[in-house]
Structures are given as structure tokens and as C-alpha cells.
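**Student:** So the sequence lines, in the order shown, correspond to chains A and B.
The numbers in UniProt numbering rise by one with no breaks, and the one at position 511 of the first sequence is 511.
The numbers in UniProt numbering rise by one with no breaks, and the one at position 188 of the second sequence is 188.
Derived from the structure by calculation, the hints contain no laboratory data.
Just so you know, nobody snuck in bad clues.
Copies of the same chain are indistinguishable here, so a pair counts whether it falls within one copy or spans any two.
Pairs of lysine-lysine residues, derived as DSS-like cross-links and limited to a Cα-Cα distance of at most 30 Å, are as follows:
#1 K555 with K460
#2 K555 with K496
#3 K572 with K460
#4 K520 with K339
#5 K474 with K587
#6 K572 with K339
#7 K476 with K496
#8 K460 with K594
#9 K594 with K474
#10 K553 with K460
#11 K339 with K587
#12 K587 with K546
#13 K486 with K496
#14 K572 with K553
#15 K281 with K193
#16 K476 with K594
Note that the structure is a prediction, hence the values are computed from the model and not measured.
Number of protein chains: 2
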Amino acid sequence: MGQLKRFFIGSPLRTRQIAHEKLPKWKALAIFSSDALSSVAYATEEILLVLALIGFGAFAYSLPIAIAILVLLTVVTLSYRQIVHAFPSGGGAYIVAREHVNTPASLVAGAALMIDYVLTVAVSISSGVAALLSAFPSLLPWRVELAVFLVMLLMILNLRGIRESATVFAFPTYLFILSILLMIAVGWIQIWKEGWHGYHAQGAAPAADMWTWAGMLLLFRAFASGCSALTGVEAISNGVPAFRSPAPRNAAITMTWMSLLLGMMFFGITLLAYAFGIAPKEHETVVSQIAEHVFGRGPLYYVIQVATTLILFLAANTSFTGFPQLTSIIAQDRFLPRKLTMRGDRLVFSNGIALLSVLSILLILVFHGDTHALIPLYAVGVFLSFTIAQWGMMKALLREKKKGIARIAVIGFGTLITGLVTVITIVSKFTEGAWMVTVAIPVVVWMFYVIRNHYSEIAKELRLDLHFQPQQVKTKVIIPISGISKVVAQSISYAKGISDDIVAVTVDFDDEHAGQMREKWEKWNPNVPLIILRSPYRTVIAPLLKYIDTLEKEKEENEFITVLVPQFIVRKWWHALLHNQTAFLLKAALIYRKDVVVSTIPFHLHE
Amino acid sequence: MGQLKRFFIGSPLRTRQIAHEKLPKWKALAIFSSDALSSVAYATEEILLVLALIGFGAFAYSLPIAIAILVLLTVVTLSYRQIVHAFPSGGGAYIVAREHVNTPASLVAGAALMIDYVLTVAVSISSGVAALLSAFPSLLPWRVELAVFLVMLLMILNLRGIRESATVFAFPTYLFILSILLMIAVGWIQIWKEGWHGYHAQGAAPAADMWTWAGMLLLFRAFASGCSALTGVEAISNGVPAFRSPAPRNAAITMTWMSLLLGMMFFGITLLAYAFGIAPKEHETVVSQIAEHVFGRGPLYYVIQVATTLILFLAANTSFTGFPQLTSIIAQDRFLPRKLTMRGDRLVFSNGIALLSVLSILLILVFHGDTHALIPLYAVGVFLSFTIAQWGMMKALLREKKKGIARIAVIGFGTLITGLVTVITIVSKFTEGAWMVTVAIPVVVWMFYVIRNHYSEIAKELRLDLHFQPQQVKTKVIIPISGISKVVAQSISYAKGISDDIVAVTVDFDDEHAGQMREKWEKWNPNVPLIILRSPYRTVIAPLLKYIDTLEKEKEENEFITVLVPQFIVRKWWHALLHNQTAFLLKAALIYRKDVVVSTIPFHLHE
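Only chain A is shown next, with the shape it has when bound in the complex:
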């Protein structure tokens, strides 16, 4: 086991090595921006999928929707640059809300972020697999298996530690950025040379029922689906401590670069899709269709598909950085199990990484790795946490009073807009799956409070008055035996060392055997009384428990009862199957008894 762990996870790192795990900007961009950048792989497609419900003519609306999303991106980026400077210790919306709004708001943000991290893994991996299947349709039957395998691969990489990941992961991010920008550039040269091919050229008229309520709702839903492009722009604000110093400044610069790249790629792809007249297909992504249109199914097409899969894999990895950090902070505040604060021996929050892996694999299994089915759940949490973070930021700035009015206005506007988008997202995608998130967030918040309450009560209960001095307390020792052997002799030796009040107990099914046992015991005479219990039901455990029950009732207030259970240490694992489980069953039955100490005495079998 240990060797297997070393092989996958690597050797342990010392605590002081934490400091070395700081990232330069170009590596941090790869680690923290892949979530945001990779969303261009599916955002345009999700807009077109909703518009297709109105009619192909409605595809023209993808351009104003994309522009609205670009405006939203600008607003959010400006706000988050401020947050990075004001809260360099990371934690994003949760910490901002905790410091400047109140606990309930911070817990709502925390719940929303946790859910979105899990969704990021599920959506990115599903979408990455879709990109791969567009290029290699023969893999279609293994869609879900591939997705689960990729999540498990991510888990192993992250249990190894963040810095190695950054080195491994920088290359594909830049490959993706360059290949997508190349595709956009070549695409535009083609259009410039050959003219428009798409719906615009075909002069398709917008659907007539566009301006009804249902039509408007669909337009909003298309916008809300496109907003999935913005998921992950907050990742940098949660990861500031991982930057080289001056961390806040480097983080803010990285954020600006990320938003510029994101905006260019998203708008470029949406424009090309429109210009080429591309509609969503079941087993081929929109980006794959554009790439095929621009490059044909040549080497560059495959580079785009592979780079897309890789960056979506990195996007999922963003969650593997953010989620364990977030849950560790929440757990420090005692709203989550304390074990989430413990770093493993590679200096990462191993439990958080494992938890994220399990949850996202569950989501992938439930939704059969289908990106379109997961998208309606997505983005609600992101925009809710955007809103709460900016709200807290604005409150903090208003309190400090030294910041300019213009800046506060920008953030106030950002809060308003992202709050509006949250509502639009919930309303327009409610029946499609957004309802699940609106149920899940309160449930998670309720869980936070239950956990916190439990910890508070326990701490109260365990508190010790330092004037209290522990006194020596005697114990009675019980040795369950099935015959006379070296194991029994060893247990008696130990028992004599810890108490003067010892009794050996055996369970017998028939009187004859019991008599022989009594005779042999008296011949041996180890100065310990033997009690023989009769078992009408032929079980060993029940009569022993009954006997211990009577002793518990008879004993004095503070006295302990110690039960000695022999543990055979076998040389080969399968030998364990050959020795009676009686000891194991007895331990399991006794471990929840008050005042009963269970002591396991090892006996090494040499054979």
C-alpha cells in the first residue's frame, strides 16, 4: 500500500517546502485561468442550442448576446481586480462576505462556490470528452468511462502537489490559446477573401414569435447559458496566496490578461459560428465544426481538438486547487469537518481533493457525462458568489471612505448586474435544472450550521478545569478464552501486570466439554478464576456481553472494566480468514460500551 501510494502520489514534502510552491504569472495563468478560458469551448454552443429552439433565424441574436456577455465580463473583471488588492489572502467571496457582510451571506457564498467547483469539474471534463469524441467518434461508447477516468487522473495529479501540476499544465493552456487565436485569424481571412457563408448571407429572417413572453424567456435563457463563459474568472481571486510577491499586483495583472484573452476568443468563436452558418449537432461540438470549416480534418484540426480537451482538463484542475483551499478555510471556521484542514504529506489538502473527486464523479454518472444537461445547474452559484463578493467589497469601501466615488459606482454597478444575472439564470433555467441548485445551496448552508453547532457543544463538553487532578482508577480485567494455550498464558501475564482483579471467561455449548475444561484449568492453576458461561443459542458473543453487562452494573462508579482480546498477527493475509472472527465480533460489540476498555494483545504466529 505504502509503495503504491508513493508511486502515485510521490514522496512526502516537508512543511517548509510550502514557501517554494509559489507561481510566476505565466504559470499562474495556466493554473487559474484555464477554467475561464476553456469555457469558450462550450459557451457559444450553449447559446446556439437555446436559440435553435426559436429557429435558425434567431441565430443572429447570438451576436448581441455575446456583446452583452463581454460587457458583463468587463464589469466583473474590474470588480475582481479590486477584490484581489483588498483581500490578498485568498478565499474569494466567502472571505469577503465573512469580513464585510455577515456569516449567513458568507455561508451562502461558500455553499454556492463549493457547488460550482464540483460542477466545474463535471462540466469541463464532460465537455473535454465531447471535444475528443468530435475528433474520434469511435470512442463514443466510452463517454462516461473516459470522463470518470479523467477525474481520477486529476485526483492523482493533485495529490502529488500543485507546483508539478503547473509545469505539466502550462504547455496545453498556451497551445489552446494560440491554436484558437490562429483559427479565428485564419477564419477571418477566409471570410474576408470569400465573403459570408452563413445565415446572414442566406438572409434568414428572425422567427416571428420572437417578441412574445416565451420568446423573451428563451432569449434570456440563451444569455444565461452563454454566461457560463464567465465561470472561473474568480479563480484568481481565490488563489492570490499562490502568486509570487507582490502577489496582489501580479494577480491583478494576470486577471486582466485572462479577461482580454477570454473576450477575444469567445467573441471570435461566436462570430465565426455565425459567419459560417454553424448549428449545434449531437455528436460534434460547434468548435469542432468551425475548426473543420477553417482547417479541414487536417493536423491543425486535431491540434485544436486535443488542445481543447487538454485545457478543459486543466479547467477541472482549477477546482482541484480552489475547492480544497475553500473547504479548508470553511473548516477552520468549524463549518465543515476538521479533517478538511489537514494537509497530507505532499502539503496538499488531501481530503478536500478526494471529496471533490467523489462528488464530481457522482455528478458525471448521474448526468451520463452530458454537458448540455449539466449547464443549467452551472453559473447560478458563480453569479450568486460574484454578487455576494462585490456586495461585501462595496460595503468595505463605503466603510473605509477613502476610495473614490467612481470606483464604488463601478462595483455597485457590477453588484447590480451580477445580481440581475443570478435572477435571470435561476428564472430562465429553473425547470431545466437550476432548481436543483436553489435547493442544494440552503441544504449545504443548513449542514454548515449543524456541523458548527456540534463542534461548539463538544468543545464545551470536553473543556477541562485545570484544577482537576486525575486520580488513579482501578480496573477489573476480563480474559475471554476458548481453551488453554500460549495466547491465554500471555494474556494472563499482561493482566497480572495491570490489575489484581482478573477473571478468565469461556463459553461452552455442552456440559461434558465444560467439565473437561474446568478440570484442565484446575490442573494448570494460573491463580485466575475461570467462569464458564453456558450458551443456549450456540453463539459466543451474546453470553459474554450479558456477563459484562452484569459486571458493569455491579462495579463502583469510576471503576473500569478491561477486556483483553487476543489479536493473531498472521504472516500472510489469507491466514486471517482461517482464524475465528470471534475476537473481531467481540471488539465490534464492546467498542461502544461505557466504561469498558478493549485491549488488543498481539500474538505473533510464526507459521
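Take the given structure of chain A and dock chain B to it, following the hints.
**Tutor:** Using the frame of chain A, we list chain B on its own:
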């Protein structure tokens, strides 16, 4: 858990209730003969399936093959009536071979029987499901699920105890016998009135390539497949102790009745299939086709199908009686884990029942619940154990010298014939799957020897010289702590009661915290030294283990080290998730250490 167990398994029975679990003949027939009788549901079909490989004309050979099988049945029945009288304590081939041949032969018989019990469950349940699917084809997609469910149902019924099963099971056996006999009678009246419909009437000529080597091999394979009709006739000889006294006489009478019924039904069905010109179909059994031919799809047809399913369910149940009894006897001889000898609180061998369930479910899953795929594995073990049992019987009779020559000749002939059938079965079905059984039997026998060897060595190792007197041995006590609390105070009280040599140990990640801890400890001053271990890797377990290592090296020869591990007894199961697994991990790491006693001290949380 306890209540759930009571609901499914029933209340515990007292040991003296064993005596009451004796069966009258008519109930014993239902319990022990269902395996043999039920095989008429598939034996004819398996013959025709092989003959179909030659051609429909070859179906005429089903009649001579059936007659050969009837002769074989007579021979085996006569032999086993002798065995029942000579070995009334049950155990069948295993005990006969152990007493009168030698240990290797008895182990081969034991392995063969064990494998066949598992196959009986898999084949009978698969075939029972096939009967059900013939009547209700809409259930087809759930074939494997249904089979697994039925095995689990059998497991629960058998964990409840044998007598209740007999009462529940008698009705369907007699329903099956009566309905099949009725079907045969009505079928013959129809033929008598209307003349032959089948191949005979159509004058189909036997295939020309019949008398080649390949053709002969197929004929032998058809015969070997038909021999599956004889599986289970030995069940009564293994179950003699369950009969009312005089048990051997009652068992012998029951066996004769069983063979008569089996012969009539098997030959009747084979004859009707031939007369009606019925060929095997993929999703409908031969018996279903006959029943439809005779009764149409009316109520009587459904009675036949349901009765067939039920008796095949009972056939599987035969194994649930025989397998645990057999493994209990083998385990008493120390060739299997001792836990197979332990009766559960309903007086049945619970572990044997559970083992049989697991193995047969595995077989059903691997072979997708397909009877035809399982049949080639079947019967090899049965005929091998028939041969060994008769061989042993013959040796015993020759030794006693008081039995007549004629009787010995009958059994010698039986031995010869069943030995021949074993060889035919292996050779003719070798590539179809019989090879698996010829591999599995030696593997199981090898396992028997490995287990027996291990037990012998251990017994030698544990043997105690009664002149040896256990001496008092001191222990050093280690209390791992993470802070100062009531839990620590309680542990120290216990430690002071069992030793004078106590040390508290804590693991710390940073110096500042360690200093505070040291200061607080000195203020408290419980008269126990505190050792603070530094952890460069931020893990708690590794430094503790290293510290215990050093103590193990320093201590005297016979001294023990006791590690006190607190166990929080939580009020609700999920509270366990909120308390650090450190104690659990520590216990797991220490339990295999020599000379280290792990003592679990309960601390009840009231919140």
C-alpha cells in the same frame, strides 16, 4: 441492524430445538428430491440442443439416450440405497471416501461436491428463470437480475432455518410432480387419439454423418448433457440425519420413490418432445413448448411454468441444505476455515449459507444466467463423487465380507458405469467448459491441504506446557494527546491504575504552539511527563510510530507497551465523520506491532 436481522432471519433458536428439526418422508422428499426431480425441466432440452448440431433427423436418438440414462439412474439408485443404510450420519461421498478409501480421494470427492452444489444453485435458478421467461417474455431484460434476486431470497429463507423451509416448499414440489404427470398423461391421450405429429411421422432420416468420430462425440455429448437429469440423486444420502427415525430406512424408501418419479417424468417428457416434433428455441424452453402443445396457453400451461420455476427454486435450495452441512464436516476435519463449523443463532451454518450464495451469484453473473452455458460445467463433479462414493462403499463391503456377492456386483457395476460417465462427460464437453471443473477440483484440493497444514502448525505453536506459570509482566503506557481536555484526564486516570510508567505524547507542527502546550501542561501538572514530537511532514501518525519504534527497541524482553486511544462514542452516526480519524489511523497502524497493546478507552459525548 439487529431488528433488520430479526425481521429477515427470525428470532434465535435454542440448541435443544435442533432435535425438533426432523422431517417426515413427504417433507424430506420435497426438500431433498427437488434437485433431482427438477432436472427434468432442462435435461431433455440439453439432449436435443446437442443433437440439433447433427441435424433434426438425429432427434430420434433422444429415445435410446433417454433409455441409457434410465438404466444409469437405476444403477445409481440401487447403490445409494446401500450407502444410506451403511452411512446414516450423512456426508455422502466425502465421508464414505474418508472412511473406506483414503484422504486424497475424500478431498477430491469433497471438492467435486462443493463445486456441484454451487453449480446446482446457478443452473437451477437460471433454468427456473428461463421457465418464467417462457411464460412471461416481457421479463426478458431482467434475466440476470431476477436470478440474483432469487439466490438472495434463498439465502434469507435458509438463514431462517430448515423446518420452516420444508413446510413452505412441500406444496410446489407436489404441484410440479402432479402437473407434469398430468401433462404427460394428457399428451399421451392426445397422441393416442390423433396419432404422431413429430419427426417420426414426418419420416425424417437420421443424418448421414452420424457414424463418424465427430458424430459419435456429439452423441456422447448429448448423453453427457442428459446425465444432468441425475444430478441431485445423492442429496438424500447426504441428508439422512434430517429424517425421522428410523432415518436410514425412511431415507432409502424416499430415494426409491424419488427415482421412480424422476424416471417417469424424464422419459415422459423426452417421448412427448419427440412425438410432438419439438426443437429447442432460444427464448422458450422445451417443457414450455410441450405444455403449450398439450394445454394451449391456458391456466394449466401457466401452472406448469410456475410450478417448474418453483421446483427449480427448491432444487437450488437443496444446495443450501447440503453445501453448509458438507463444508461443516470438511471444516471439522480442518480442511476448511473453522468458522464454517459454527451454527448461527437459528441453528443453521450461516457462514456456509453465505459462502454458497456469494459463489453462485458470481457464477450467474459470469455466465449471464444462461443455463446452456453452465450445463457443460455441471455433472462432472456429480459423477466423480458418485464414482468415489460407490468405490468406497464397495471397499467397505469387501472388507466386512458379510454382504452377498450379488450386492457387491451391483455396486461394482455402478462404480464402473459412473466412472465411465465421468470420463465421457469430461472428454465430450471438455472444450465447452468441462475443462474449468477439471482445473477447479485440483485447485480446491490443494487449498484443503494448505488450510489443514496451517491449522496443524498453529496448533503446534500455541500448545502450552501446563507446568508453565504465567508471570506478572509490567507495561509502559503511552497516551497520545492533541490538547488538554476531559478525555486526556480520563485516560491518565486509567493509566495510573494500570502502570507507574506513563508518558503523554503530542505531535506539533510549529514551535509557538508547542511552547503554549508545554506551558499549559506544566500549569496543570498531572504528574505525567509530556513529550512533544515535531512533525516536518504535518502528519500525526508517522512521528508517533517512530517514537513507539524507539521505545520498542529500548524496552526489556518481556515488557509490554500499552497505547491508550480514546474512542468518542457519538450519539448520531454522522457525528463520527466530524471527529478526526487520527485515533482510527493510529489503531490501524499499531494493531500489527509486536508487544504493543492497543487499549481503546470510551468517552461518551452527550451532545
